[in-house]
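**Q** Sequence:
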Amino acid sequence: MFDSPSPRGRSGGWILPALFWTGLIVLGTVVASWWLSSSRGSKALEVMDGDTLELRLGRGGHYEVGGAVAAVPVRFLVDTGATLTSIPQALGERIGIRACPAIGFDLSRDSEPGCCRPEVFRTANGTAEGCVARVPSIRFGAFELRNPRVAVMPGMDGQALLGMDVLRHFSLVQEGGRLRISRAGR
1 MFDSPSPRGR SGGWILPALF WTGLIVLGTV VASWWLSSSR GSKALEVMDG
51 DTLELRLGRG GHYEVGGAVA AVPVRFLVDT GATLTSIPQA LGERIGIRAC
101 PAIGFDLSRD SEPGCCRPEV FRTANGTAEG CVARVPSIRF GAFELRNPRV
151 AVMPGMDGQA LLGMDVLRHF SLVQEGGRLR ISRAGR
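Note that the working numbering has the sequence shown beginning at 1, numbered continuously upward.
Rather than coming from a laboratory, the hints here were simulated on the basis of the structure.
Glycine residues also receive a C-beta, built at the ideal position from the N, C-alpha and C atoms.
Watch out, some of these pointers could steer you wrong.
[To be verified] Across the chosen pairs, the derived CB separations fall in these ranges: (1) A184 x R98: 32 to 40 angstroms; (2) E175 x T22: 42 to 50 angstroms; (3) W14 x P154: 24 to 32 angstroms.
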C-alpha cells in the first residue's frame, strides 16, 4: 500500500548539497582573503615616531602611503621619479581646483585651492597635458606640507603620486624592501 522511499532519498540526498555549499564557502573564503591582502595594499605604513615613518614594499613593487590633499583622503604612490606631486583630475575638482582666469593671476587665499594653469608634462609614458595648482596642504603619515603645488592630471585614475617636490623636504633611506622617511636633518 505504501511505497517505501528509496535508500537514496532517505540518507544520501543531503550529501551533494552539503558538498556544494561547503565548497562554495571555502572558495569564498579563499577569494576574500586574496582580495583583502592584494587590493587593499599591504600594511605598508608603520609610524615609528612623530618624525619617522617606514613603508614596506608593496606587491606591485611600489611604496604606498595613505594621506590627504586639502583634507580629502587619498592613497599616494611614492614616486621618486616624479618632479611634481600629481593628483587625478576628479580629486582636483572635488577639492575645488578650477581653471585660472584669463588675467592669469591666482587671487585665491592660502586656505583654499588655487587656480590651475595649463602645462604639458613629460612622463615615463610620454607627454601628457594637465595643469598646476596650489593646494592648502598635503599630508601623509604624520607629515604635512602647507601650500604645495600639485599637477592635476585628466588621464590619471585612482592613486595620487607623491613626487620629489614634497619628498625633497625629507630624508629617504631605502633598505631591504623598506623605505624610511624622516624629517630632514634627523
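**Q** Decide, hint by hint, whether the structure agrees.
**A** Structure-based check of all given hints:
no., hint, in the structure
1, A184 x R98: 32 to 40 angstroms, "holds, 33 angstroms"
2, E175 x T22: 42 to 50 angstroms, "holds, 46 angstroms"
3, W14 x P154: 24 to 32 angstroms, "violated, 57 angstroms"
Against the hints set out earlier in the document, a violation occurs for number 3 only.
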